[in-house]
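Novice: Single-letter residue listing:
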Amino acid sequence: MKFSLGKWLLPIYVVIAFIFLITPIAQVIIYSFNDSRRNNSIWGGWTFDKWTGVCDQQGICEAFGTSVLVGIVATIVATVLGTLLAIALGRYRFRGRGTTSLLLFLPMATPEVVLGAGLAAQFLAVSVSKGFWTIVIVHALFCLSFVVVTVKARVASLDPSLEEAGRDLYGSGPAVFFRVTLPLLTPGIVAAALLSFALSFDDFIITKFNAGQVTTFPLWIYTKKSPPAEANVIASAIFILAIVAVILTQVITAARRKRLGMSS
Amino acid sequence: MAFAAFGGGAAAATAEPAPLRRGWIAIGLLAPGLAYLLLFFLAPLVSLVVTSLQVAPEGAAKGEYVPGFEWANYANAIASYWPHILRSFGYAITATLFALIIGYPIAYFIGVTARKWPLIQALSLTLVIAPFFISFLLRTLAWKQILGDNSWIAQTLHGLGWLPADQNIVGTPFSVIFGLTYNFIPFMVLPIYASLERLDRRYLEAGSDLYASPATTFWKVTLPLSMPGVVSGTLLTFIPAAGDYINASPIYLGSIQTAMVGNVIDRTFLESQEYPIAAALSVLLMGIILIIVSIYVRRSGTEDLL
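As they're listed, the protein sequences go chains A and B. In the numbering used here, each residue's number is its place in the first sequence (first place is 1) plus 218. In the numbering used here, each residue's number is its place in the second sequence (first place is 1) plus 1256.
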């Protein structure tokens, strides 16, 4: 076989691009093993101490816990509301459907700083003191549109004849919904929930405007101008968990496709 | 599956929904979500406009304002901060272009070239979304360290004389645009990938059968067919980049000279509590983005994406 440069140009380019994408991630993970005293930007040799004693760092585990809790509550709110909206938009034709779609698109077209300042101005106007629940409210808001987009794609690909079959077999409306529609939508709903949690967990800008005295993990990092290695430990642990989850999902999907004899 | 979220409306626009059968079901499904959006999205936008017109009464304390119709707030905001507004859009547009140049070949590789190897395809997609899973702030700080004054990159460039001795990489418009490009590349790659993945290879074969060069086939067939992905990718990159202020902040990749409008909104709202100015800037930012987006979407002929 003849070696042609043209054929290899794209793969080589892509490999370089991937190195570019991975570089700062590798940096964060490597520096989670840094034996640093005060400044984690100076390399001081390898250590596992930061991994075993993460919570020794004042406030970091509380901030992490807050972020997890906010993420879970906001994800539940956004996923429930978003799934209902997605079913309505994907299944029914009604007056104002276009306006509803536009209204759902708008939060995604709004920069975070505007969403954050808007809600902060609103909370100020009605004298709500900022804290845990205001963070949950804003997080659920920006996750909502992403949930709708994700679940709507799944609703659109759903075969209506399956629900008809359910009704033909004398399934009541709720029975068909819970035994047919919902199970078929589950992969989309799970993906939407994971996306919501990831967006919520890492959000900084909107949170900063609406957090009051509460500190989430990103806010904690921000208050330290030079974050200690323990911050890298938490970020690295989450990264590894997420990557494992993504790979597992892909393996399971591939295996299921193979079993069902579907071509990719 | 999560990738579908970035495919934009294109993925969903497959089938027309069945006509409404029972009105109350649709209303029941819609009501909670719409109420939420009304309360926590539309009302805050109205609050923002109301706040942007407030006035400080005579002898008011810091952060104390009363309702009014002070249109001069907008004039003041523009007069004081027009360089920040221009900078925001300049940086965001440049970063979007870079992300497109870097991201399109990646998306093409994953969506078209790697089709024969599902394993490579899956692995590449995982690599593209990998930055999402590491803290935004920490990965930006990592770049600050990698490009910093003591880094081997800066040292090498100084040594080669390509970078003047008194010139840093971090804290310049370059490093801010670099950070914006890096941080939003996944938003660019995923929608383009989603539209290229559905591209029928036979179209490309038809192009070469008709004696078109690979370049002509690309410009006349591949690129037009991937336009919906390019439009959603550029929007998903441009909008957050224009409002971002982490990359431009002096603690991260910027300096005072690179402050974007987001930095000003943050400072005037949360620190100096000049709420009307912060609100006026937010309204301006949102307004300019909506104008740019609607012109762009109309010109690229992909209105039905929204």
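Quick caveat, the hints were computed from the structure, so don't treat them as lab data. Don't take every hint at face value.
What the hints assert, rightly or not - In silico BS3-like pairs for lysine-lysine, Cα to Cα no more than 27 angstroms straight-line:
hint, chain 1, residue 1, chain 2, residue 2
1, A, Lys-476, B, Lys-1476
2, A, Lys-348, A, Lys-476
3, A, Lys-348, B, Lys-1318
4, B, Lys-1476, B, Lys-1372
5, A, Lys-225, B, Lys-1318
6, A, Lys-443, A, Lys-348
7, A, Lys-225, B, Lys-1476
Model, not experiment: these values are computed from the prediction.
Novice: For each hint, tell me whether it holds in the structure or not.
Specialist: How the hints compare with the structure:
no.: 1; hint: A/Lys-476 with B/Lys-1476; verdict: violated (36 angstroms)
no.: 2; hint: A/Lys-348 with A/Lys-476; verdict: violated (51 angstroms)
no.: 3; hint: A/Lys-348 with B/Lys-1318; verdict: holds (19 angstroms)
no.: 4; hint: B/Lys-1476 with B/Lys-1372; verdict: holds (24 angstroms)
no.: 5; hint: A/Lys-225 with B/Lys-1318; verdict: violated (65 angstroms)
no.: 6; hint: A/Lys-443 with A/Lys-348; verdict: holds (24 angstroms)
no.: 7; hint: A/Lys-225 with B/Lys-1476; verdict: holds (21 angstroms)
Consistency note: the structure conflicts with the earlier hints numbered 1, 2, 5.
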